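Participant: Chains A, B, C, D and E, in that order, are what the protein sequence lines are.
Under the numbering used here, the letters of the first sequence match residues 1 to 430, in that order.
Under the numbering used here, the letters of the second sequence match residues 1 to 217, in that order.
Under the numbering used here, the letters of the third sequence match residues 1 to 385, in that order.
Under the numbering used here, the letters of the fourth sequence match residues 1 to 102, in that order.
Under the numbering used here, the letters of the fifth sequence match residues 1 to 187, in that order.
By construction, these hints were calculated from the structure, which means they are not laboratory data.
Note that the coordinates shown come from a computational prediction; the quantities given were computed from them, not determined experimentally.
Cβ atoms here follow ideal geometry from the backbone N, Cα and C, with glycine treated the same way.
Where hints are given, some of them may not hold.
The calculated label-pair distances, taken between Cβ atoms and stated as ranges, are [stated by the list, open to error]:
#1 B:LYS195 / C:THR211: 55 to 65 Å
#2 E:LYS184 / C:PRO81: 35 to 45 Å
#3 E:LYS184 / A:VAL383: 19 to 29 Å
#4 D:ILE81 / E:PHE20: 38 to 48 Å
#5 A:VAL55 / B:GLU214: 44 to 54 Å
DSS-like cross-link-like pairs, simulated, lysine-lysine; straight-line CA separation at most 27 Å [to be verified]:
#6 B:LYS116 / B:LYS139
#7 C:LYS309 / A:LYS409
#8 E:LYS126 / A:LYS405
#9 A:LYS405 / C:LYS52
#10 B:LYS116 / B:LYS63
#11 D:LYS101 / E:LYS126
#12 B:LYS189 / B:LYS116
#13 E:LYS184 / C:LYS52
#14 B:LYS204 / B:LYS139
#15 A:LYS48 / A:LYS329
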Amino acid sequence: MPNFIMSYLGSTVTPGEAGNQFWALIYVLIIFAGVSVAVICMNWIERKALAHFQVRLGPMRVGPHGLLQPIADALKLMLKEDIIPSEADQFVFWVAPLIGLLAAFTVYTVIPFGPSQAVSDMNIGILFMLGVSSLGVLGIVVAGWASNSHYPLIGALRSSAQMVSYEVAMGLAVVSAILMTSLNASGTGTLSMIGIVQAQQQQGVWFIFKFFPLGLIAFVIFAIAMVAETNRAPFDMAEAESELTAGYHTEYSGLRWSLFMLAEYAAMIAVSSIAVTLWLGGWMRPFPNLLNAPAWDFIFSLFPGLTFLGLAAIAFVGTARMPADSFFKIQRIGLAVFAALLGFIALLLLAIAVAGRFADASVGARFRDGIDYIYWFVLKVAVFMYLFIWYRATWPRYRFDQLMKIGWKVMLPISLGVLVVTAIVGVIVS
Amino acid sequence: MAEEVKSPAPPPPPEGEKKPAAEKPAPAASAAPAKPAAPAKPAAPAKPAGPVPVPWTSPLVEKYRSQYGSGLEAQTYLGQNYFTVDRSLIPDILRLLRDEEQFDYCVDITAAHYPKREKQFDVVWILYSFPRNERVRVKTQIADGASIPSSVSIWPTANWLEREVYDMFGIQFDGHPDLKRILLPDGWKGYPLRKDYGILQQDKEWVQINLGIESGQ
Amino acid sequence: MNDVSNRALSNLDLETPDKTYLDSNELVINMGPQHPATHGVLRVILKLDGEKVLGTECVIGYLHRGVEKIAENRTYTMFNPYVDRMDYVAAVSNGLGYCEAVEKLMNVEAPPRAKYIRVILTELNRIASHQLWLGTHALDIGAMTPLFYTFRDREEILKIFERYCGARLTTHAFRIGGCQYETYAGFEKDVKNFLAFFPPKIDEYEALLTTNRIWLERTKNVGVISGADCIALGVTGPVLRASGVQWDLRKAQPYAAYSEFDFEIPIGTNGDTYDRYLVRMAEMRQSLRIIEQAVNGIPEGPIMGKVPKVIKPPVGEIYHSIEAPKGELGYFIVSDGSTQPYRLRVRPPSFVNLQALDIMVRGLLVADVVAVIGTLDIVLGEVDR
Amino acid sequence: MVPITTLHYLVVAAALFVLGVIGVLTRRNVVIVLMSIELILNAVNLNLVAFSRMWGNLHGQLFAIFIVVDAAAEAAVGLGILIAFFRNRETINVDEIDLLKW
Amino acid sequence: MNPVMNSALNSGMAPVATPFFFYMLAGLAVIGGVLVITRRNAVHSALALIVTLLAVAGLYLMLYAPFVAGVQIIVYAGGIMVLFLFVIMLVNIERSSKERRFNRMWPVGLAAACALLALFVSAFAKGKALFPDRMMTLPESSNTQQIATMLYGEAGRMGQYTFAFEIASLLLLVAILGAVIMTKKKI
């Protein structure tokens, strides 16, 4: 049995591909836990960032600077009464959030955090991703219908129409990115996500910068479509508080409602990680080909450690500035412990980076690379997350018909145009 | 026809003796009140009468007086001109004011209840003319239960204003597109702004039926 | 005359969709009275064809406290605080309207210093009211951030009110005949600080919204109403001015000390939600100009006119109106010589402006109904009295 | 465990096909009838892909894609007719749809 | 397409998981099918149909047709079923769910279906010998790649199905126009 476990460690292929169900299961659990933690952090970051946008402090009461607020929210939601409207359709009402969650999380099986760090490298990666993300619509549609009242019904109709129309634009933008993968020597593109990142590595350019305006336009189309796909920021017609009170999840409460929130945040992270994989060179560190001298490798490998060091420093400054009276004593200790933890992780990462630098071919090097891949990938996704919050703070909401007009009359033609022009330029170049 | 009414006869409750307003000459246009303000009541002791409505003379008034004769008086009180018009003239004089005299903005329609008078209600239109930057009031007196032609066709703003007057006083407006209560619940009985409607009075029955409580107090 | 009057304004007189196609999804939706976007307890019954609004009917009266009945049982001075509770957002201007009406009835003039103080406080209140309008209106359309900016700056004004008369919202700042309190020691300094503090803040709001693509998309050509319709429907205030009618009571029939200040009346061109937004933003700047001139030129002297202890105005009736932030706020007082008004009628701008909602919203979408209610800037305390 | 041969897939496809036919013949609600047709088309697709797997070429799979395209078109038009009809006659059970022109 | 799976299959002994997955997916598909035609409520049968579609997509994956599985999920489950749910909700036909589900002629329908089933069974029984016992090996390069070459042709040469593909797009255009014209209230 042990060799069944260890056998995979050496291989450079994703567990799914290597037919190693055990490691695939471990990867799935890691990703599921990782995404849930990310969702919890995202919840905290969103509330704090939004607050600071709006000249207020955000949650400060639960834990130092509200750090325990997400946990408090999770507990509150679990303890809250889970009301099911009387004439609602019991089964469908129960199944709707699960469909949404299923759709949001199955996309992660295909997302590569590293050349071999993905659950499985399906050769139809992108197709699978598009398919599963379209299932998300069903969850919302059915939820709206099951609540059996006017407002959720309208909310469900609206959000399904919105997601279907932006899915088309999103799909076409993705196709133009895939087209770029086939511009390598062998001329055969690939649908697999890892393949796409490797194509970007071989061509030495992130697809956002390839054929300068085209990659960027396709990226912008995808960025807009992904905001609409997850019902966020300017496109949050479905749960437009001022008209439809809360859209499709009006009748949900307690844990069931939190499943919807979990699904929404997970979908946000999933969609932005796809954008990162397709256009921003997935797990690659910036300028992989230009500055590939070992010295540069070392410098870039220090980044994870330095970021955690920075976070630890901020936390320490936080403890210092905390007011002195007794009420804050516990919070001060808590923050200090948190800062120490961050500092420890920072040192650990720096040690690995240094070890990796000097003992090149050893396991340490591969371990350091793994950390670097994940770090750069998560950093890029974090940038997207910040964008989501930024949109929400500044933009008012689109009206539903304007939203559809943009979806069909603006996004679709442009993404078709980009696809055709990319193809032409691709033929000319190769 | 309508007897000459100098000013709304003060209600019979013990008419307070005239509080001597500040010794300010009525700023009204005409210096000395044309008709001596011989209050029907015994002259107040030494304190001089406060400002009193004086007849308002202007070409506009002359034109209408010639046209409608006795059915119309024009007075001015503290610089604010107003017509007291007979109920029969109501729709056409308002239309005339709007079309010819450009009083295109009906500021307000309201009413007042004088239980002792034979014609209990005073209905008041406050009009304003944008081109002439001038305000005028048109008053008419109608008996309880009498109805009055609606002026919604003249100024659309009258729709809700008349609904409120109906809601508060029970005055019927003929020709109003949708005359029903606006502020009080539809099934409410009684018209609150009438003098005979007590301050604490409530439509107990409605409260019990709809709110399920014994009484609002 | 104008097209509005010949179209009988009966509620829900909808042009019924042609019967050939039975509309499968014609909904009648209740918006309110508990609804986040109706600025209080207003219930709007919307008849929808899919998303398009066919017609609306406003059901009001949930906040009716019978102010006019109470007035008949209170003396003139006792009734003064009630007036603040009507348009609780612009309490100071309600008080100004009422006190000036009674002063006119009693043929008394407030001393110049009181007039100046009144103008300063009313204009500050106008700014505060417009700030609250901007915050809630932007929130209804989806922009969350302006709400916090506007409320943070509104605090400064409320601090001045609190220092002057002890209350932030229902201020009861004026008395019949003048002002109750002399200005506190740092009054001029506070107002001058505010005059310096506020202009960059307005630029912040405008930076956030005026050129914001989605804001333009959501407000341009939404809830259009023509000048003629406004006049016919009795709509006044920023809504009327945004439709191009240059009319402001402070200029047309100056009261208090307005005749001594120079300021412009901002007007819009095509009477849509965006123009009303621009007009109100410009009005805030004009109010700053007025306050500046008033603070610099405030005369010395008494703050209370010669008004007897017990106010018994002579028999008679007068109508006096002022330019409240929402429009023309009028008081029609009939006095029978006693200490209590025989009949006190309040002409509330929000009540009459709300009547125009049906015209402005017809043919728009549900999301626009929310935007139009926001742009009408109605306060239910004043609508229901 | 006997290895899975093409025959297994054919049996499953046949089962789906029969279920679809039952749905079409016995149900009164037009939407359910349309869904049963989708079932039938799925059964056909499964057959095609099974044979394509058996013969080792891709023609079957390609044809399956064409059938999916056709199913999409058919569903769109079918539902279009349903809406038009429902809006007009307020009923969608199959027995009452007996007029060619209304 | 990964080499490991393929080589194991050639030796006729698929990895132990396959029969289990096959029976699970097949069972899911058939149960879903039964639910589709028996549920009283249209949305329930729509959900059941979605389950069937996903099960059949799983079967395609086992038949080494990942592209068809992807298309099936996107077009069928993601597109057509959303259309069905949309129509069911838009037209809110819940009123009719009170009426009888099956029409009066249901015994005849059932009898006809059973006859058809009998026909299938007999055909399979007779034709059992025709099927080669071993699955052929599928070509090496990735499935999507080949489908593309067959559809669009390669290096300038027209593929076998390019012409058919254009006609299919024409068919879709006609369908779109038809649907729009049918459902628009006032053109």
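Participant: All the hints need checking, so say for each whether the structure fits it.
Facilitator: The hints, checked one at a time:
1. One distance hint, 55 to 65 Å for the beta-carbon pair LYS195 (chain B) and THR211 (chain C), holds here, with the actual separation near 57 Å.
2. Taking 35 to 45 Å as the suggested C-beta distance range, the pair LYS184 (chain E) and PRO81 (chain C) does not conform, at roughly 59 Å.
3. In this structure the hint that LYS184 (chain E) and VAL383 (chain A) lie 19 to 29 Å apart at CB is violated, the actual value being about 43 Å.
4. Between ILE81 (chain D) and PHE20 (chain E), the C-beta spacing of about 43 Å keeps the proposed range 38 to 48 Å intact.
5. Under the hint 44 to 54 Å, the C-beta atoms of VAL55 (chain A) and GLU214 (chain B), about 49 Å apart, fit the expected range.
6. Distance hint between LYS116 (chain B) and LYS139 (chain B) is fulfilled; the C-alpha atoms sit about 18 Å from each other, no more than 27 Å.
7. Note on LYS309 (chain C) and LYS409 (chain A): the hinted pairing is violated, with a Cα-Cα distance of about 72 Å set against a maximum of 27 Å.
8. Simply put, LYS126 (chain E) and LYS405 (chain A) have alpha-carbon atoms about 58 Å apart, too far for the 27 Å limit, and the pair is violated.
9. A threshold of 27 Å between alpha carbons decides the hint, and for LYS405 (chain A) with LYS52 (chain C) the separation of about 16 Å falls inside it, so the pair holds.
10. For the given pair, LYS116 (chain B) sits about 33 Å from LYS63 (chain B) by alpha-carbon distance, which is inconsistent with the 27 Å threshold.
11. A threshold of 27 Å between alpha carbons decides the hint, and for LYS101 (chain D) with LYS126 (chain E) the separation of about 47 Å lies outside it, so the pair is violated.
12. Restraint check: the Cα-Cα separation between LYS189 (chain B) and LYS116 (chain B) comes to about 22 Å, which is no more than 27 Å; the hinted pair holds.
13. Only pairs whose Cα atoms come within 27 Å are accepted, and LYS184 (chain E) paired with LYS52 (chain C) is accepted, the gap being roughly 15 Å.
14. In summary, the hint linking LYS204 (chain B) to LYS139 (chain B) is not supported, as the alpha carbons are separated by about 34 Å, beyond the 27 Å threshold.
15. Restraint check for LYS48 (chain A) and LYS329 (chain A): satisfied, since their Cα atoms lie roughly 22 Å apart, inside the 27 Å limit.
Violation of the numbered hints given earlier is confined to hints 2, 3, 7, 8, 10, 11 and 14; the remaining hints are satisfied by the structure.
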